[in-house]
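**Q** Take 1 as the starting number for the sequence shown in the UniProt record's numbering and just add one per residue.
Take these hints with a grain of salt, some might be off.
To be verified - Calculated cross-link-like contacts (lysine-lysine; reagent style DSBU-like; alpha-carbon spacing at most 30 Å):
id, residue 1, residue 2
1, K266, K19
2, K175, K270
3, K145, K264
4, K145, K135
5, K135, K266
6, K19, K206
To be verified - Label-pair distances were calculated between CB atoms; the ranges are:
id, residue 1, residue 2, range
7, A269, F44, 21 to 27 Å
8, L213, T54, 19 to 25 Å
9, S268, K144, 22 to 28 Å
10, G55, W272, 52 to 58 Å
11, I197, I119, 45 to 51 Å
12, Q25, T54, 49 to 55 Å
13, A269, Y109, 37 to 43 Å
14, I258, V195, 29 to 35 Å
15, A269, Y110, 45 to 51 Å
If you're looking for bench data, these hints aren't it; they were derived computationally from the structure.
Just so it is clear, CB atoms sit at the ideal spot from N, CA and C, and this is done for glycine as well.
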Amino acid sequence: MIYLFLSILASSIIFLVFKLFNRFQVNTFQAIVVNYIIACASGFTAYSQPVNWTGLATYSWLTGTVFLGVLFIVIFNLMAITTQRSGLSVVSVATKMSMVIPIAFGLIYYRENAATLKIVGILAALIAVYLVSVKKQDSSKPTKKNLVFPILVFLGSGIIDTSIKFLEDSFVAEKDVPLFSAMIFATAFILGVAVLIFQLIKGSQKIQLKNILGGIALGVPNYFSIYFLVRALRHPSLESSTVFTLNNVGIVMVATLIGILFFKEKLSAKNWIGIGFAILSIILIATIQ
1 MIYLFLSILA SSIIFLVFKL FNRFQVNTFQ AIVVNYIIAC ASGFTAYSQP
51 VNWTGLATYS WLTGTVFLGV LFIVIFNLMA ITTQRSGLSV VSVATKMSMV
101 IPIAFGLIYY RENAATLKIV GILAALIAVY LVSVKKQDSS KPTKKNLVFP
151 ILVFLGSGII DTSIKFLEDS FVAEKDVPLF SAMIFATAFI LGVAVLIFQL
201 IKGSQKIQLK NILGGIALGV PNYFSIYFLV RALRHPSLES STVFTLNNVG
251 IVMVATLIGI LFFKEKLSAK NWIGIGFAIL SIILIATIQ
């Protein structure tokens, strides 16, 4: 459970950093690119053995990390488009509701426990993330024309989580978890920096120190959010459907608390009802573990 708690904490710190980006007008794309190299470096630093660069191609999970790195960049850009066209709440809901994909994968592919209490807990969690994610000040809704973008964010986010579970379970050795995480971010960085260079040549981007500092602040918790999630998924007493449910609900709860304490955010009646459902889901799912 400690790894699950640490993953939730790291993911919640990411939320805090993104909120500070708005306050200090940090260029999110530049910060994201820098964040990937910092997260990659964190993984290589945490790896207990010397990295065999020439032998990297022999790892069976390498192709999977390239696939995930590409998805990281693609989904980030889709999230940006969705935010611009449909609002922040739509992005938040699409991202969090995507947990149904890895949960369903765990229940069907790994034949995980589908006890009644667990299913009720998962449904309560889905209701919770929806109600807590919908903010009163963001009343924009996706039009039929723009509906494809939140759908792609939903599918992409779910595929990322499902792929991480499948790869770590089928191909990644215990000692290689830091290296596995680092290579995902390395691919994302290479693609991200290629796009950034293109934008710099066009003149649509300008490097600023605050964007670099923002990326450094984001990179470390971003790495550990993946690292601890993989560790939690590898725990013998925790099923992936349980991990993804509690992880998403936990992030929503802690992020909401951060918003109240540090940014004086006001919660609507829907948000409070969502928190109630979140607490209920945690109790129900924890009961059967």
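**Q** What are the numbers of the hints the structure violates, in ascending order?
**A** 2, 3, 7, 8, 12 and 15
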